[in-house]
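Enquirer: Take a look at the letters that make up each chain.
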Amino acid sequence: MQSSSTHTSHAAQHDAHDHHELGFWQKYVFSTDHKVIGIQYALTSLLFLLFGFFLMGMMRWQLAYPGKPIPIFGGLLEKMLGSVASGGIMSSDLYNAFGAMHGTIMVFLGIVPLAFAAFGNYVVPLQIGAPDMAFPKLNMASYWVYFLGGVIMVFSFFIPGGAAQSGWTSYSPLATVTPTAGQTYWLVGMVFLITSSLLGAVNFLATIIQLRAPGMTWMRLPFFVWAQFVTGFLLLLAFPPLEAAGLMQLMDKVAGTSFFLPTGLMVSGKPLDISGGGSPLLWQHLFWFLAHPEVYVLILPGMGIIAEVLCNNVRKPIWGYKSLVYSVFAIGFVSFIVWAHHMYLTGMGTAISTFFQTTTMIISIPSIIILTVFFITLWGGSIRFTTPMLFALAFLPMFGIGGLTGLPLGFNFVDLHMHDTYYVIAHFHYVVAPGTIFALFAGLYFWYPKATGRFMSEFWGKVHFWTSFVFMNLIFFPMFIQGMAGMSRRMYDGGVNYSVANSANDGMIGALSSSIIGSNVTISVAAWCLGLSQIPFIINFFYSMVRGKKVESDNPWHSTTLEWQTPTPPPHGNFAVAPVIYRGPYEYSVPGASKDYTPQNEPDAPSRKK
Amino acid sequence: MDIPYTVKEREDTGLYNAKLGIWLFLASEVMLFGALFSSYILLRVGASPGTWPHSILNVPLGTLNTIVLIVSSITVVMAWASLKMNKFGDWRKYQGITLLCALGFLGIKSYEYYDKFTHYEVITNDGKVFDGHLVMQDTEKVVLHPGNHRVITYAAEQLGYGPKPEAEHGHEVEKAPAAHEATPAHEATAAHGAEAVEEHVTIARSNIKRMQNYGPYHHAYLAIYFTLTGLHALHVIGGALVMAYFFGPGAKMWKSEPERFINRIEVSGLFWHFVDLVWIFLFPVLYLL
Numbered sequence: 000m001q002s003s004s005t006h007t008s009h010a011a012q013h014d015a016h017d018h019h020e021l022g023f024w025q026k027y028v029f030s031t032d033h034k035v036i037g038i039q040y041a042l043t044s045l046l047f048l049l050f051g052f053f054l055m056g057m058m059r060w061q062l063a064y065p066g067k068p069i070p071i072f073g074g075l076l077e078k079m080l081g082s083v084a085s086g087g088i089m090s091s092d093l094y095n096a097f098g099a100m101h102g103t104i105m106v107f108l109g110i111v112p113l114a115f116a117a118f119g120n121y122v123v124p125l126q127i128g129a130p131d132m133a134f135p136k137l138n139m140a141s142y143w144v145y146f147l148g149g150v151i152m153v154f155s156f157f158i159p160g161g162a163a164q165s166g167w168t169s170y171s172p173l174a175t176v177t178p179t180a181g182q183t184y185w186l187v188g189m190v191f192l193i194t195s196s197l198l199g200a201v202n203f204l205a206t207i208i209q210l211r212a213p214g215m216t217w218m219r220l221p222f223f224v225w226a227q228f229v230t231g232f233l234l235l236l237a238f239p240p241l242e243a244a245g246l247m248q249l250m251d252k253v254a255g256t257s258f259f260l261p262t263g264l265m266v267s268g269k270p271l272d273i274s275g276g277g278s279p280l281l282w283q284h285l286f287w288f289l290a291h292p293e294v295y296v297l298i299l300p301g302m303g304i305i306a307e308v309l310c311n312n313v314r315k316p317i318w319g320y321k322s323l324v325y326s327v328f329a330i331g332f333v334s335f336i337v338w339a340h341h342m343y344l345t346g347m348g349t350a351i352s353t354f355f356q357t358t359t360m361i362i363s364i365p366s367i368i369i370l371t372v373f374f375i376t377l378w379g380g381s382i383r384f385t386t387p388m389l390f391a392l393a394f395l396p397m398f399g400i401g402g403l404t405g406l407p408l409g410f411n412f413v414d415l416h417m418h419d420t421y422y423v424i425a426h427f428h429y430v431v432a433p434g435t436i437f438a439l440f441a442g443l444y445f446w447y448p449k450a451t452g453r454f455m456s457e458f459w460g461k462v463h464f465w466t467s468f469v470f471m472n473l474i475f476f477p478m479f480i481q482g483m484a485g486m487s488r489r490m491y492d493g494g495v496n497y498s499v500a501n502s503a504n505d506g507m508i509g510a511l512s513s514s515i516i517g518s519n520v521t522i523s524v525a526a527w528c529l530g531l532s533q534i535p536f537i538i539n540f541f542y543s544m545v546r547g548k549k550v551e552s553d554n555p556w557h558s559t560t561l562e563w564q565t566p567t568p569p570p571h572g573n574f575a576v577a578p579v580i581y582r583g584p585y586e587y588s589v590p591g592a593s594k595d596y597t598p599q600n601e602p603d604a605p606s607r608k609k
Numbered sequence: 000m001d002i003p004y005t006v007k008e009r010e011d012t013g014l015y016n017a018k019l020g021i022w023l024f025l026a027s028e029v030m031l032f033g034a035l036f037s038s039y040i041l042l043r044v045g046a047s048p049g050t051w052p053h054s055i056l057n058v059p060l061g062t063l064n065t066i067v068l069i070v071s072s073i074t075v076v077m078a079w080a081s082l083k084m085n086k087f088g089d090w091r092k093y094q095g096i097t098l099l100c101a102l103g104f105l106g107i108k109s110y111e112y113y114d115k116f117t118h119y120e121v122i123t124n125d126g127k128v129f130d131g132h133l134v135m136q137d138t139e140k141v142v143l144h145p146g147n148h149r150v151i152t153y154a155a156e157q158l159g160y161g162p163k164p165e166a167e168h169g170h171e172v173e174k175a176p177a178a179h180e181a182t183p184a185h186e187a188t189a190a191h192g193a194e195a196v197e198e199h200v201t202i203a204r205s206n207i208k209r210m211q212n213y214g215p216y217h218h219a220y221l222a223i224y225f226t227l228t229g230l231h232a233l234h235v236i237g238g239a240l241v242m243a244y245f246f247g248p249g250a251k252m253w254k255s256e257p258e259r260f261i262n263r264i265e266v267s268g269l270f271w272h273f274v275d276l277v278w279i280f281l282f283p284v285l286y287l288l
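Which chain is which? The protein sequence lines are A and B, in order.
Under numbering that gives the first Met the number 0, residues 0 to 609 are what the first sequence spells out, in order.
Under numbering that gives the first Met the number 0, residues 0 to 288 are what the second sequence spells out, in order.
It is worth saying that the hints were derived from the structure and are not from the lab.
One or more hints might be untrue.
Only part of the chain B face toward chain A is listed, based on derived beta-carbon distances under 8 Å [as the list claims (entries may be wrong)]:
1. MET0
2. LEU35
3. GLY49
4. HIS53
5. SER54
6. LEU56
7. GLY95
8. TYR153
9. MET252
10. SER255
Capping the alpha-carbon separation at 27 Å, the derived lysine-lysine pairs in BS3-like fashion look like this [stated by the list, open to error]:
11. A/LYS136 - B/LYS140
12. A/LYS269 - B/LYS251
13. B/LYS115 - A/LYS252
14. B/LYS18 - A/LYS252
15. B/LYS108 - A/LYS252
16. B/LYS18 - A/LYS136
17. A/LYS26 - A/LYS461
Bear in mind the structure is a predicted one, so any value in this text is a computation, not a measurement.
By construction, the Cβ of each residue, glycine as well, lies at the ideal position given by its N, Cα and C atoms.
Assemble the whole structure, with the sequences as input and the hints as a guide.
Expert: Take a look at the structure:
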């Protein structure tokens, strides 16, 4: 099945299982093999991440230099999208569309498919000693449904009026009364993406529950599997309410219902011909019922990856494995009852706000336990500063900043000031960009040798890391300051209208100072530099597939978990011999052992040799 | 290595893969319908007092449909049990009855939908509101057959056809001649009271300002009614298609892999029970409460 020369001897006896050779289409395109599907997810979602980043890169131009034509890409935009970018200048409609789609693409088409579906697909069955996912055909279906959802989203840029313009949160009634069809495409696309997530979640959960190899008891699961397990439950139970909300907004949009449109709604001074009786708050409740657990969907797989990379590179067991597992469960449960902390300003009432403020404070406890466990794991280890480890180490303070700056937002009285400012953007992006995305990079560099049989270049990996690390902070840190100065997050001109530069604001208290407006330029330049620093990664990623340093064994990082005990890359069916598990996931540096790692499938008896 | 537990149960969980899969899927379905039921509650609580409609659905038909689905629930179990007892012929019979029940349910539901789509509210240029089932219409006029119950729309409320202010309970509102108040203004049927209900009203086309049937756009209640029952009907159709496949070409598997075939019947049956259960909640919520 594969040409890599690095198999260990038992690969030979395995191939008997591959009774028939699959054609190109079945092997690489419509494959049911979890590893191929994982790689498909990874490549697609990485492309979407890049695409989402490009949208933001152009918006950052508009914020730094409002009303000036976008260099290089401006002409291209005008050619492709027409009047919304006439003269290469981004119109406010286009800015809104890019903003909405940046969020949608990054969350639903980039990070979730990469963190949950790509890594989960590739790694989870290997780590639990399973031959594949429980439902391979369903797995293929979920990829293709995701792909279709992505196509619909991208296609919507080119329809008259352009893509959805009402933010990734798509609040009604604004989203419903916007006269273009972009929102309808967004909703249909979302229904596809949600369906894909549901199929994926069912599949992951069934796989983890049913297909653990003999001896792989629950408390022997690598933490990454636990993280994916809880994520699966979040997706399974939190997404359907958004699907319901999406259906209702779709009904509002195409069937003329008024689920989210209040009685007597006026648009541009005219009453709408609708039945009314709907509730805009209902949309927000249903949306955030998904979208808050979604935040944990974004972060938990990243934490799982960090645990794997950390243990492997400090060469010692994770400190407090059980605390980690219980914490991730606690996060999973509590994440279902914190959603309305996004809605303090909706007038839902102080009693409700108090409840959600309390649960929000409670959910920070398990998050802090997890971070603490990771930090203590470092203590006394002999750390190998490999590229994946650098990303993992950077994750810790970055996620720390992201998480701690979230606490003020969780208090409803502080949130009155912070709500909808750049502070929120900075907080959220610290969690997801230098947080989750760094974790995902760590995972990519870490598992790359397993999937390809070659390492990515360490030197260029480090260049990628250090530049990304610096620019990420240059982008997001100033946003905290902008936000605290009161800069609203959705302003098309970067806040100039509310700044001292506008003579109408003379003598006004709280007008944005020129240094606050000036940091727009700093941030934008840093964002474009961050884009440039991904070039080494992109080249490294593809170049190393053919020219990278070959791995010398199936377990180049000397890891204990099962995915490294397979041939490289793992063939269809994964394991040459059905694995039996004898020990926990992180037996590094066991005193008296012959080497500093003991794989999970290595029996205790010292007489048996591999 | 082949994927384990595709047919046999795993010892510690007591489940084969597909059975666990369907249970997980049903959990997500609970959340899907749960969100819609919650929306129903929020819309109803948020409706202006006295305007949430009652009794505009046909309770006897709803009851009949409930019975049809309960019968199908029984036959679904019987079908699975027949296979367990190795009685393939019995299975055919029960599976067939289940499918007929599904069709019957959809038929009755379609009739109920049809009833709503032929029910109109007409607002005339002189600010009068007429409400009833469409008898006939042409380019000149529209003829309606007024009924006992109507949905109080915001537009009608604005024109003074709202709920009776003294009415405390929804039920009294219906008894009060609110529904007829929509009709009396018409010159041809000047009579008030119950008898007038039997009369047809004729409205000139030229006098019509707005004419809208009881589609989902007409009122928040109808919106949630159509969304909930429509989504439920989609589930019925989906379940029926799968069971029809097992009834037809899929039945071949009984010869080759009987155990796997029984599992399939069991899993489709679990889904069917869920669809029934949703209806058990839908019926009181939409028809009775």
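Enquirer: For the hint on B/HIS53, does the least C-beta distance to chain A fall short of 8 Å?
Expert: Result: violated, 15 Å to nearest chain A Cβ.
Enquirer: Compare the distance between the alpha carbons of B/LYS18 and A/LYS136 with 27 Å, and conclude whether the hinted pair is satisfied.
Expert: 16 Å, holds
Enquirer: For the hint on B/LEU56, just tell me whether its beta-carbon gets within less than 8 Å of chain A.
Expert: Nearest chain A Cβ about 18 Å off; hint violated.
Enquirer: Below or equal to 27 Å on CA atoms is what counts here, so check A/LYS136 against B/LYS140.
Expert: Roughly 57 Å between the alpha carbons, so the hint for A/LYS136 and B/LYS140 is violated.
Enquirer: Against chain A, with CB atoms and a cut of 8 Å, does the hint on B/MET0 hold up?
Expert: Where the cut-off is 8 Å and the nearest Cβ of chain A is about 4 Å from B/MET0, the hint holds.
Enquirer: Keeping to a limit of 27 Å between CA atoms, is the pair of A/LYS26 and A/LYS461 held or broken?
Expert: Measuring from Cα to Cα gives roughly 34 Å; hence the hint is violated.
Enquirer: Is the hint on B/GLY95 kept, meaning its closest Cβ partner in chain A is under 8 Å away?
Expert: 28 Å, violated
Enquirer: Are the Cα atoms of B/LYS115 and A/LYS252 separated by 27 Å or less?
Expert: 21 Å, holds
Enquirer: Hint check: is the beta carbon of B/LEU35 less than 8 Å from a beta carbon of chain A?
Expert: This interface hint holds because 5 Å falls under the 8 Å limit.
Enquirer: Can the restraint linking A/LYS269 and B/LYS251 be considered satisfied, given a maximum Cα separation of 27 Å?
Expert: 63 Å, violated
Enquirer: Does the nearest C-beta of chain A fall within a distance shorter than 8 Å of the C-beta of B/SER255?
Expert: For B/SER255, the interface hint is violated, since the closest Cβ of chain A sits about 18 Å away, which is over 8 Å.
Enquirer: Was the hint right that B/GLY49 lines chain A, CB cutoff 8 Å?
Expert: 13 Å, violated
This entry does not satisfy hints 3, 4, 5, 6, 7, 9, 10, 11, 12, 14, 17, going by the numbered hints stated previously.
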